[in-house]
Amino acid sequence: MPTLSQIWIDDVQTEFVAGQRWLSEAEPDLGLGIVEEADARHVLIRFAASGETRNYAARNAPLSRVRFAADDHIQDQAGMELQVVSVEERDGTLVYHAVTPDGDEISLPEQGLSDRLRLNRPQDKLLARRIDPDIWFTLRYQSWLQQATLWSSPVYGLQGARIDLIAHQLFIAAEVASRAAPRVLLADEVGLGKTIEAGLILHRLVLTQRVQRVLVIVPDALVNQWLIEMLRRFNLTFAVFDQERFEASDHTNPFQGEQRVLCSLSFLTSSPEVARAALAGEWDMLIVDEAHHLAWSEHETSLAYQLVEELALTTPDVLLLTATPEQLGRAGHFGRLRLLDPQRFHDYPSFVAEEEAYAPVAELAANLLDGKPLTQAQQRLLHSLLGDEADLPTQQIIERLIDRHGTGRVLFRNTRQAIKGFPARHLNSYALPQPEAYTDLSSAIQPEALFGDDWTAIDPRVNWLRGLLTQLAPAKVLVICAQAQSVVALRDFLLERCAIHAAMFHEHMEIVARDRAAAFFADMDEGSQVLICSEIGSEGRNFQFAHHLVLFDLPLEPDLLEQRIGRLDRIGQRETIEIHVPYIEGTANEVLLRWYRNGLSSFEATCPAASAVYDQLGDALKAALAEPGDSSALVREAAALTQQINAELENGRDRLLELHSHQPEQAKALVEAMRHCSEVTPLPDYMAAYWDAFGIEHEPGPGGSTVLRPGAHMLSDHFPTLSHEASTVTFNRGHALAHEDRQFLTWEHPMVQGCMEMLTSGELGAASVTVCSHPDFKTGTVFLEALYLIECLAPTGLEMQRYLPPTCLRFLLDAQGRDRAGELAHEQLSGLCLSQNRKLAETVIASQTERAKALLQFATGLAEGTVGDVVNAAVAQVDAELSAERQRLTALAKVNPNVREDEIERLEVRHQALLDHLALTRVRLDAVRLVVMR
1 MPTLSQIWID
11 DVQTEFVAGQ
21 RWLSEAEPDL
31 GLGIVEEADA
41 RHVLIRFAAS
51 GETRNYAARN
61 APLSRVRFAA
71 DDHIQDQAGM
81 ELQVVSVEER
91 DGTLVYHAVT
101 PDGDEISLPE
111 QGLSDRLRLN
121 RPQDKLLARR
131 IDPDIWFTLR
141 YQSWLQQATL
151 WSSPVYGLQG
161 ARIDLIAHQL
171 FIAAEVASRA
181 APRVLLADEV
191 GLGKTIEAGL
201 ILHRLVLTQR
211 VQRVLVIVPD
221 ALVNQWLIEM
231 LRRFNLTFAV
241 FDQERFEASD
251 HTNPFQGEQR
261 VLCSLSFLTS
271 SPEVARAALA
281 GEWDMLIVDE
291 AHHLAWSEHE
301 TSLAYQLVEE
311 LALTTPDVLL
321 LTATPEQLGR
331 AGHFGRLRLL
341 DPQRFHDYPS
351 FVAEEEAYAP
361 VAELAANLLD
371 GKPLTQAQQR
381 LLHSLLGDEA
391 DLPTQQIIER
401 LIDRHGTGRV
411 LFRNTRQAIK
421 GFPARHLNSY
431 ALPQPEAYTD
441 LSSAIQPEAL
451 FGDDWTAIDP
461 RVNWLRGLLT
471 QLAPAKVLVI
481 CAQAQSVVAL
491 RDFLLERCAI
501 HAAMFHEHME
511 IVARDRAAAF
521 FADMDEGSQV
531 LICSEIGSEG
541 RNFQFAHHLV
551 LFDLPLEPDL
561 LEQRIGRLDR
571 IGQRETIEIH
581 VPYIEGTANE
591 VLLRWYRNGL
601 SSFEATCPAA
611 SAVYDQLGDA
621 LKAALAEPGD
631 SSALVREAAA
641 LTQQINAELE
651 NGRDRLLELH
661 SHQPEQAKAL
671 VEAMRHCSEV
681 TPLPDYMAAY
691 WDAFGIEHEP
701 GPGGSTVLRP
711 GAHMLSDHFP
721 TLSHEASTVT
731 FNRGHALAHE
741 DRQFLTWEHP
751 MVQGCMEMLT
761 SGELGAASVT
771 VCSHPDFKTG
781 TVFLEALYLI
791 ECLAPTGLEM
801 QRYLPPTCLR
811 FLLDAQGRDR
821 AGELAHEQLS
831 GLCLSQNRKL
841 AETVIASQTE
851 RAKALLQFAT
861 GLAEGTVGDV
871 VNAAVAQVDA
881 ELSAERQRLT
891 ALAKVNPNVR
901 EDEIERLEVR
911 HQALLDHLAL
921 TRVRLDAVRL
931 VVMR
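Quick note, the sequence shown lines up with residues 1 to 934 if you use the working numbering.
Only true hints are included.
Capping the alpha-carbon separation at 25 angstroms, the derived lysine-lysine pairs in BS3-like fashion look like this:
no., residue 1, residue 2
1, K839, K853
2, K839, K778
3, K125, K853
4, K420, K668
5, K853, K778
6, K125, K839
7, K372, K420
FYI, nobody ran anything at the bench for these hints, they're computed from the structure.
Given these sequences and hints, build the entire structure.
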């Protein structure tokens, strides 16, 4: 195996020539690279083994020129072993004259070297006396073991999100992200977490490197919410695009200058230039929120729909989000399904007929689920659907019906009726007299916005709020009103007139300031009793540690009302939500209160029909608000329509779809896996050791948190995600949910991932010398501890690590070559590291050089002997999982047209690609340590 001394780096040479072989010092796992293009400023290197390409600045590229010498052993692209006889240079590239195992002489240009050729760096580092502190060897070993554990976990990619462990959300995320080409409609009811589900799916696909380029399209009002949710919950950064950002870009296509882009639908449709650039963006994933705004009918489609349709046609993975799958019309529902699979949903009349034919199947499933006897017609239908399988136990029959019928594979729909665990809600309304100064503002929903700066002096809701806070103290109270200026005015009034310190939260504050305000409110000991939010307070934040909600005003749109209440009304809330609504008699305030309370019944329960009722009666409502008076007729009409639509929705409940969207037993297993994350070493211990070794100052912070600061003697100036200022982190999920200003460290957090990457992709910790004592071994006993890695270089996105995670083998050889790893664990060999005692280290290494070489050669043979079994196990897992899934999808495609042909094809291609790359699995020496007993 080639050695470090055979890597030639000429400090004078700066010229790169196409065809030369170079190795990345920063990312050695990429394999052997080849120069594709080069000029005076840049060099483009292709790493074929890993399917990656890197563009470096020529002057400071972290690259090492690879040059072998006579007697070295190399491999060609076919994997044949060759022994170098001599090396010739031709026009800047090398030609190796070598002999084959049969003794034939051949000439091999360096371009013909195997892309997977590995260089034996740890051995050379040790023998060159370039040893590292012992802690880095230990952390390196722990990092490899932990990475293998993470990839083997069924919840990898789901653990790092700052979310409550809500079963149905985890189930949907795991189900969708496991598909070869996820294209689905997420249609949970308001408050059940569609955004979180989409974020979890995206996070998993990004972490497993299946997705890189992402376009998220949302309504204008939701851009900020999505930006915060993706960053705070999932550590996913997005570039927000608007016209100014688009025009300021110096890229030919501005969208291609960023990997993850967030923008509004109105921006994308604002000009042909923007639309063309978005369509040429070469996205891996498209996410569209509020997809019901994409208008489609048999005779006409909106410009927005046409643009999204074109994007969906060229993007492999597509998520559409809507809380109203069919309430706004069956045609619109068909239009959204058509975006996901135009071949399957190609004809609207056929879709309607199919939906009507499916109704008896849904009714049959409902009877089975409720334990009701089947009618003779239903029994005949069951036998026609399943044949001999109709005699299976009820649970298995239901599973087959879920798999084979309806739109379940492309549509996920959870309702509060199906998902339990939500708290009760109670309305407290307060009638207040209209001040004379508001006489001309009776039709205004927010009269204070039209009155002037001194509105707090005359508005009866202000003094009412003061009295309520005094009455409820010290209970936490969340106050939401529409306008940011109202928030500021209320905060000033409470502070200056009442000595009540209220935290505030509005869109004009920096994100960090909002985090601090939310954290101050969440502090149960010294925090604020009240948090006053503008409408943005109903977006993306959960305050379920509180159960008192003051709606200082009411929004016009029912979805906004539900979002406001949803900040406290979450699964896991243990108290009844007390909703406090003050209203000014005889004004638009009172009309809205009666509309929501008596018409939609939206305060004390979620109203599934609310959006549909508003769409039909919205104009009448606005007229009633403009002329406040007797709105009884409107309220009665709204109540009747609400009852009718809710009944239709209940009668049309698709129980099979609900089961498909949330399978409790599988979801429960995911929650348990999240709660009991497998760890090689506890994450707090791992990170504390890493911080100490790197030179990061850390000390206990409030509430069990940890405060980090850059140290004066850090290993380098850069540490993943750590800024020059102090950062507060926590390892506790509950603390992270209550304090969003703290980084939530998990094994999936960018800081932790970055730390492991620094070790596993570089040489730090690859060689060490330790002196320790053990009662069973006499002084002078020497062991060689060697870490080998079985790995398979494969293009990102194949998820090779799921089947063959980086497998670290540990050998502990004594002088006779016996492996004592089973007798002495790595942790038992801690002692005095000689990295600071160079003289002694050199003496030890010099005395053991020949023995170390022989033992490493022997250890390499042991490691290579295990590769076959590891690869066979991985192949068996690939075959078992993907063959079974392919057979299942092929069978389903015959009875359920929602199974797309391209999904099966992509599964087959992936299956073969995995097998092809597994055949090229190799073992390499990753780290070595001499251990001397004293």
